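Quick note, the sequences are listed as chains A and B, same order. Numbering that gives the first Met the number 0 numbers the first residue of the first sequence as 0 and each following residue consecutively. Numbering that gives the first Met the number 0 numbers the first residue of the second sequence as 0 and each following residue consecutively.
A hint or two may mislead.
What the hints assert, rightly or not - Over the 12 angstroms line for every Cβ pair with chain B, so calculated as not near, a few chain A residues:
{"no.": "1", "residue": "Ile-15"}
{"no.": "2", "residue": "Glu-88"}
{"no.": "3", "residue": "Phe-157"}
{"no.": "4", "residue": "Leu-163"}
{"no.": "5", "residue": "Val-245"}
{"no.": "6", "residue": "Leu-246"}
{"no.": "7", "residue": "Tyr-250"}
{"no.": "8", "residue": "Met-274"}
{"no.": "9", "residue": "Leu-337"}
Stated by the list, open to error - Coverage of chain A stretches by chain B, computed from C-beta distances (three or more under 8 angstroms per stretch; other residues unrestricted):
{"no.": "10", "stretch": "219-228"}
{"no.": "11", "stretch": "260-273"}
{"no.": "12", "stretch": "313-319"}
Think of the hints as simulated: they come from the structure by calculation, not from any bench. It should be emphasised that the depicted structure is a prediction, and the values quoted were computed from it without experimental measurement. Even glycine gets a Cβ: it sits at the ideal position worked out from N, Cα and C.
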Amino acid sequence: MARFLLRRFISSIPVIIGILALVFALARMIPGDPCRAALGERATDEICDAYNERYGLNDPIHVQFGIYLKDVATGDLGESFRFGVPVTELLIQRLPTTMELAAAALLIAVFVGVPLGIISGYRHNTKTDVATMVGANIGVAMPVFWLGLMLQYVFAVFLRDTPLALPPSGKLDAGLIPVPFYEVWGLPENGFMEFLSEFTLMNSLVTFQWEIFSSAFLHLILPAVALATIPLAIIARMTRSALLDVLGLDYVRTARAKGLRERSVVLKHALRNAMLPVVTIIGLSFGLLLGGAILTETIFNLAGVGKTLFDAITSRDYTVVQGFTLVVAISFVMVNLLVDLLYTYLDPRVRVS
Amino acid sequence: MTTTTVGDPILQISSLETHFFTRDGVVKAVDGVDLTVGKGEILGLVGESGCGKSVTSMSVLRLIQNPGEIVGGSIRFHGEDLLDLSEKEMRSIRGDRISMIFQQPVGSLNPVFTAGSQISEVYEIHEGLKKKEGNARAVEMLQKVGIPDAERRIKAYPHELSGGMAQRVMIAMALAAGPELLIADEPTTALDVTIQAQIIDLMREIRNDLGTSIIVITHDLGIVAEIADRVAVMYAGEIVEEADTKTLFADPKHPYTKGLIGSIPLAGDRREWLDVIPGRVPNLIDLPGGCRFAPRCRAREEAGLTMCTEQRPELTGVNDEHTVRCFLYQEGAK
Ligand SMILES: Nc1ncnc2c1ncn2[C@@H]1O[C@H](COP(=O)(O)OP(=O)(O)O)[C@@H](O)[C@H]1O
Ligand code: SF4
Ligand SMILES: [Mg+2]
Numbered sequence: 000m001a002r003f004l005l006r007r008f009i010s011s012i013p014v015i016i017g018i019l020a021l022v023f024a025l026a027r028m029i030p031g032d033p034c035r036a037a038l039g040e041r042a043t044d045e046i047c048d049a050y051n052e053r054y055g056l057n058d059p060i061h062v063q064f065g066i067y068l069k070d071v072a073t074g075d076l077g078e079s080f081r082f083g084v085p086v087t088e089l090l091i092q093r094l095p096t097t098m099e100l101a102a103a104a105l106l107i108a109v110f111v112g113v114p115l116g117i118i119s120g121y122r123h124n125t126k127t128d129v130a131t132m133v134g135a136n137i138g139v140a141m142p143v144f145w146l147g148l149m150l151q152y153v154f155a156v157f158l159r160d161t162p163l164a165l166p167p168s169g170k171l172d173a174g175l176i177p178v179p180f181y182e183v184w185g186l187p188e189n190g191f192m193e194f195l196s197e198f199t200l201m202n203s204l205v206t207f208q209w210e211i212f213s214s215a216f217l218h219l220i221l222p223a224v225a226l227a228t229i230p231l232a233i234i235a236r237m238t239r240s241a242l243l244d245v246l247g248l249d250y251v252r253t254a255r256a257k258g259l260r261e262r263s264v265v266l267k268h269a270l271r272n273a274m275l276p277v278v279t280i281i282g283l284s285f286g287l288l289l290g291g292a293i294l295t296e297t298i299f300n301l302a303g304v305g306k307t308l309f310d311a312i313t314s315r316d317y318t319v320v321q322g323f324t325l326v327v328a329i330s331f332v333m334v335n336l337l338v339d340l341l342y343t344y345l346d347p348r349v350r351v352s
Numbered sequence: 000m001t002t003t004t005v006g007d008p009i010l011q012i013s014s015l016e017t018h019f020f021t022r023d024g025v026v027k028a029v030d031g032v033d034l035t036v037g038k039g040e041i042l043g044l045v046g047e048s049g050c051g052k053s054v055t056s057m058s059v060l061r062l063i064q065n066p067g068e069i070v071g072g073s074i075r076f077h078g079e080d081l082l083d084l085s086e087k088e089m090r091s092i093r094g095d096r097i098s099m100i101f102q103q104p105v106g107s108l109n110p111v112f113t114a115g116s117q118i119s120e121v122y123e124i125h126e127g128l129k130k131k132e133g134n135a136r137a138v139e140m141l142q143k144v145g146i147p148d149a150e151r152r153i154k155a156y157p158h159e160l161s162g163g164m165a166q167r168v169m170i171a172m173a174l175a176a177g178p179e180l181l182i183a184d185e186p187t188t189a190l191d192v193t194i195q196a197q198i199i200d201l202m203r204e205i206r207n208d209l210g211t212s213i214i215v216i217t218h219d220l221g222i223v224a225e226i227a228d229r230v231a232v233m234y235a236g237e238i239v240e241e242a243d244t245k246t247l248f249a250d251p252k253h254p255y256t257k258g259l260i261g262s263i264p265l266a267g268d269r270r271e272w273l274d275v276i277p278g279r280v281p282n283l284i285d286l287p288g289g290c291r292f293a294p295r296c297r298a299r300e301e302a303g304l305t306m307c308t309e310q311r312p313e314l315t316g317v318n319d320e321h322t323v324r325c326f327l328y329q330e331g332a333k
C-alpha cells in the first residue's frame, strides 16, 4: 500500500512539470513584448532593455525556464505590478477564501448530491426520481452567474427584513475584523501562520470569535450554493446511474438471498461499489469548482483566487495570472491525487502490488 | 448413483406463475409450475436457457424484482405458504433456512468485501453474532467446504479467488446458517470440467453428511445424471416431464426429453445439446395456443395428432412416479 501511494505520488511529478512548462510558455505567448505589457506602451527602448536584462528576458529560453523553476521552488512567483506586492503575498491573503468557498461547495455537492442520487436510483422511474432528475438537468444547465444573481435577488432583495435574508456580497459584515489565532494564542507571526489565519471560519471557530464566525458563515451560504449547483447535479446523476448499474449485478442478488434487509443491500453492498465512479467524478468536478469560483467570487465580491485571477487578466497583471494559474493547476492535480487514494481505499481491485 | 431414503416433502410448489410485465408485453416466464422436493433429496431441474429455471428459483426466495411478479400459485415450505409471509418473515428464511448459489461465483461475491466478511455476515444477520465470532465460524465453514489454508483465505477479496474457490466460498456462505434447502442455479456452468466434478462431489457430500435438500438447476443433463435423485424437465415456463433419474434416462416419454437425451454429447464433447433439437424455444410473450413444444415436435406428426396445436396438455401420470405433459400418453387423444 505504501509503495503504491509513493508510486502514485511520483507519477504526478511529470504532470506538475508539464503544468510549470505550460504556465511558463503562456507568459511568453502574450502578444506584444512583456516589458511594455508590464511598464506600459510608452516605455522607451532603453528602459525596456534594462527591464529585459534585469528579468533575464534576453537569455536563451531554456535558461529562462531554469531560472523560472528555481524561482518557483524558492516560493518566488514575482511581483504584481498592479498591487506592488509579491504574488506569494497575494496568494496567502486570497487562497484561503477560495479554499473555504470550494470546500463548502464541495461539501454541499457531495452531501446533497449523493443522497439525492441514491433516492432517485433506488426509486427509479417513480415521481421522486423524475422530479430529481429534471431538477438535476436544470441544475447542470444553469449558468453560474445567472444563478448567483437570482440567489442574490431572492435572499437579499425579495426576502430582505425577513429571518431568511442572507448577505449577498463580501466575506464579513462591514466593521468586523477577525483577530488572527496566532495573536490570540501569542504565537510568532510568519507567512504560514498568516495563511492559516485567513481561513476565516476556521480561525474564528478555534478562537471562539462567534460574531465573526456567524457572519462569515452566513456570507458563505449563497456563493457556496451557487458554486455547488452544477457539481451537485452532476454528482446526483452519476450516483443514480452508478447505483442503477450496480443494483442489477449478481452480488446484489446474493446480498438479498442472504436475508439482508433492503436498506443494507443498497447502503452497504451496492453503494460502496456505486461510489467508485462517483468518487472519480467528484475529483473532476473540483475543476468545475475552480472555474466556477472565478464567476462566483466576482458576483459575490469575494477577494479570492478566482476574482483576483479575473481582475489580473482584465488588467494584464501577468505575473499574477502566471502565479495563480500555477497554484490552481497544482491544486487540481493534488485533489485528483487524493481522489485516487480514496479510490484505492474503496476498491481492493486496484490495490494490486 | 447413491440411493437415499427420501423423506417427507419440505418444499411443494403448485401452479406457480411468475410473469414479467414488460413494455413489449407480459413475459410468462413461469406459467403453472409444480415441483416437490423431499427431505434430503436432490432434485434436478433441467431445460434449455430461457425456459424459466432461474425465475422459478428466484420465486421460491421471493426475490423477483420489478417488472416481475408472482401472480399465482403457492410455494409451501414445511406446509406453510411462503407467499403469505411478510417481507420480514421472508428475510428470516432467506440465507438461513433456504439459501442459493449461482452461476457466476466470482461475480456473485461483492468485490469490495473479503470472503470472510461476506460469510460472517450470514452469522451476523441470522445468529446475531459479532464480527469476530462470525469470522471464526467462517474459517470453520471454509475448512468444511475443502478450502485449504482457510485462515488466510478469509482475508482474500473475490478477485483473488479462482472460479472454483469462489464457488466454494459461495457454498460456505450458503451453508453457513445450516439451511434445509439449497438451491444451486447452474453452479458449475462457469467452471472447468475438473472443478465441476469437485463441486458436484461437494454437493453430494453436503446432502449425505448434513441431510440438506438440494435443487440443482442446469442445462447439462450429464450433471443431472451424476447427482440428482429425481429430475424435472422444464420447457417454455412449464414442467413437461418428471421422474426419478434412472427412469427418466432409461424410459423418457416426452418428445422434448427424448430429444435432449438423444443429443447428450459424448464424453469430452461439451457441445450444447440444445442445438440438436431443431427449432427454437417459443417467445414467452406470444406462446402458442396449444402444446408449447408443438412447433418443434416431430412425434406429433408421426402420431397424426391434431389437438396439439389447439389444446394445452396437462401434466398427467404415466405411473405413480412418472408424470408427463403430452397428448401421446393420454387416452383418446386425436
Ligand atoms: N427481469 C426480467 N424482465 C423481463 N423478462 C425476464 C426477466 N428475467 C427473466 N425474464 C424472462 O424470463 C424467461 C426465463 O428466464 P430464466 O428463468 O432466467 O431462464 P433460465 O431457464 O435460463 O434460467 C426468459 O425468457 C427471460 O427473457
Ligand atoms: S402434446 Fe403433441 S406437440 Fe406436445 S409434445 Fe406431445 S405430441 Fe408433441
Ligand atoms: Mg438461469
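Tested hints:
With a least CB separation of 31 angstroms from chain B, Ile-15/A remains clear of the 12 angstroms interface cut-off, as annotated. Non-interface status of Glu-88/A relative to chain B is upheld: no Cβ of that chain comes within 12 angstroms, the nearest being about 46 angstroms off. Every CB of chain B is more than 12 angstroms from the CB of Phe-157/A (nearest about 43 angstroms), matching its label as outside the interface. The Cβ of Leu-163/A sits about 41 angstroms from the closest Cβ of chain B, beyond the 12 angstroms cut-off, so the non-interface label holds.
The claim that Val-245/A lies off the interface is violated: its Cβ sits roughly 10 angstroms from the closest Cβ of chain B, which falls inside the 12 angstroms cut-off. Against the 12 angstroms criterion, Leu-246/A falls within the reach of chain B, whose nearest CB is about 9 angstroms from its own CB. Distance check on Tyr-250/A: its Cβ comes as close as 4 angstroms (rounded) to a Cβ of chain B, failing to clear the 12 angstroms threshold; non-interface status is violated. Listed as outside the interface, Met-274/A is inconsistent with that label: its C-beta sits roughly 9 angstroms from the nearest C-beta of chain B, within the 12 angstroms cut-off.
In this structure Leu-337/A is separated from chain B by more than 12 angstroms, as the shortest Cβ-Cβ distance comes to about 19 angstroms. Three residues within the 8 angstroms Cβ limit are the bar, and the stretch 219-228 of chain A against chain B gives 0, so the coverage statement is violated. With 4 residues carrying a beta carbon less than 8 angstroms from a beta carbon of chain B, the stretch 260-273 of chain A meets the three-residue requirement, and the given coverage holds. Counting residues of the stretch 313-319 of chain A whose beta-carbon sits less than 8 angstroms from any beta-carbon of chain B gives 0, not enough to reach three: the coverage restraint is violated.
Checked against the numbered hints above, the structure violates hints 5, 6, 7, 8, 10 and 12; every other hint is satisfied.
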